[in-house]
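For reference, the chains in residue letters:
2 protein chains.
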Amino acid sequence: MRIVTISREFGSGGRELGKRLADELNFDYYDREIIDTIAHNTGTDPNYVFTVLENHGWKNIPLTFRQSVKSSLTVQYAQTELLIEQKRVIEEIAKHGNDCVIVGRNADVLLQDYCPFNIFVCADVQAKIRRCMERATQDENLTPKVLKRKMQNIDKQRKQIRDILTGSKWGEPHNYHVTINTTDWEIKQLTPAVTAIVNRWFGRKQ
Amino acid sequence: MRIVTISREFGSGGRELGKRLADELNFDYYDREIIDTIAHNTGTDPNYVFTVLENHGWKNIPLTFRQSVKSSLTVQYAQTELLIEQKRVIEEIAKHGNDCVIVGRNADVLLQDYCPFNIFVCADVQAKIRRCMERATQDENLTPKVLKRKMQNIDKQRKQIRDILTGSKWGEPHNYHVTINTTDWEIKQLTPAVTAIVNRWFGRKQ
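Protein sequence lines, in the order shown, are assigned to chains C and X. Throughout, our numbering is defined as the position within the first sequence, counted from one, plus 6. Throughout, our numbering is defined as the position within the second sequence, counted from one, plus 6.
Pulled out of the complex, with its shape left as it was, chain C reads as follows (with noise of 0.2 Å):
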């Protein structure tokens, strides 16, 4: 079985980058899915598991979902709860033996001992905004400022929650096999090389 992990900065394009690199490898693709699994096995909405885990928004979580929530520290405790379903879900996955691709969520260092190929995706911050501002639906009003701010906020969480939960460093580049900066790329025209990249490791002998 071959896994590939792609940890990325928020705006870098990771997540296309990774659902690419699947079609090209024909490998499944595990992304939003981990979260529809995760909402399913604990009985919670999808919509509040992605605030919770992806958008590290809760203190922001609308109050529809925090009806029976009683502080912030409770929320933080449903987090963690979230973050241990998570991990289930995806050594799950591991288990199932299918060659895939999985995006974000510590998929590198939760799967180590099934030996995956890690990259790492960063961008500048220009880039970043640009790439986002392109894909930004017009009703969700976005502003550079915003989604910098946005953008910081979450890689400062997933930084920390990847520090904290498994003592390796998100970004630092011993901790992958290759990182890529994406500012000057297109996705599409950088796939076919990560590709190579990807098959040159799992083709070569140990």
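It is worth saying that the hints were derived from the structure and are not from the lab. Note that this is a predicted model, so its numbers are computed, not measured. Cβ atoms here follow ideal geometry from the backbone N, Cα and C, with glycine treated the same way. Keep in mind that the hints are not guaranteed to be accurate.
Just the calculated beta-carbon pair ranges, DEER-fashion [as the list claims (entries may be wrong)]:
hint : chain 1 : residue 1 : chain 2 : residue 2 : range
1    : C       : 132       : X       : 210       : 16 to 24 Å
2    : X       : 34        : C       : 120       : 39 to 47 Å
3    : C       : 30        : X       : 208       : 15 to 23 Å
4    : C       : 119       : X       : 142       : 31 to 39 Å
With chain C fixed as given, assemble chain X onto it according to the hints.
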């Protein structure tokens, strides 16, 4: 003209990757040749230039080279002069207009107007020690402990010189197009994949 620059941690296999990449791409290759040219232009001994610029070992420069040196300050001054000559030599290489791979020497920053493709090569400490031990000649009498110290000193100096001269942080993934961790690779096996990414870069629509 296409320029590929390779910056690297000591012992990571960056030089070998540069050489192999130049062979595969049929590009000119510049590494020690730069030292010889600096020595020729400044009328100094190539071993002296190498020691001052590459090994950053001016504190241990053999007495034969220190005949006219009054203090370590003088040597530091000499180092600055050699760095300026090195900058000139690298700019000359670019002006020749041939496709080339340049290893080290902050060529990525010095030649940024030529839009080079910039690679950083790193590896885990144990992998770097192993690589160096394999390549050391018996009479070098190197131990892993000595190597580790040498490695740390050289990388520290590379980092300091780069940070001071260019204002661009050495080894920070946002400053390179791709960062490769060679820990579990044979450089020979890795090269075709890096060639693919370089070709993709220079072949992309802008």
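*Is 31 to 39 Å right for how far apart the beta carbons of residue 119/C and residue 142/X are?*
Given range 31 to 39 Å: holds, Cβ gap about 34 Å.
*Quick one: are residue 132/C and residue 210/X within 16 to 24 Å, going by C-beta?*
19 Å, holds
*That 15 to 23 Å hint for residue 30/C and residue 208/X (C-beta), does it hold up?*
Since the Cβ atoms of residue 30/C and residue 208/X sit about 21 Å apart, the hinted range of 15 to 23 Å holds.
*That 39 to 47 Å hint for residue 34/X and residue 120/C (C-beta), does it hold up?*
42 Å, holds
Consistency note: the structure conflicts with none of the earlier hints.
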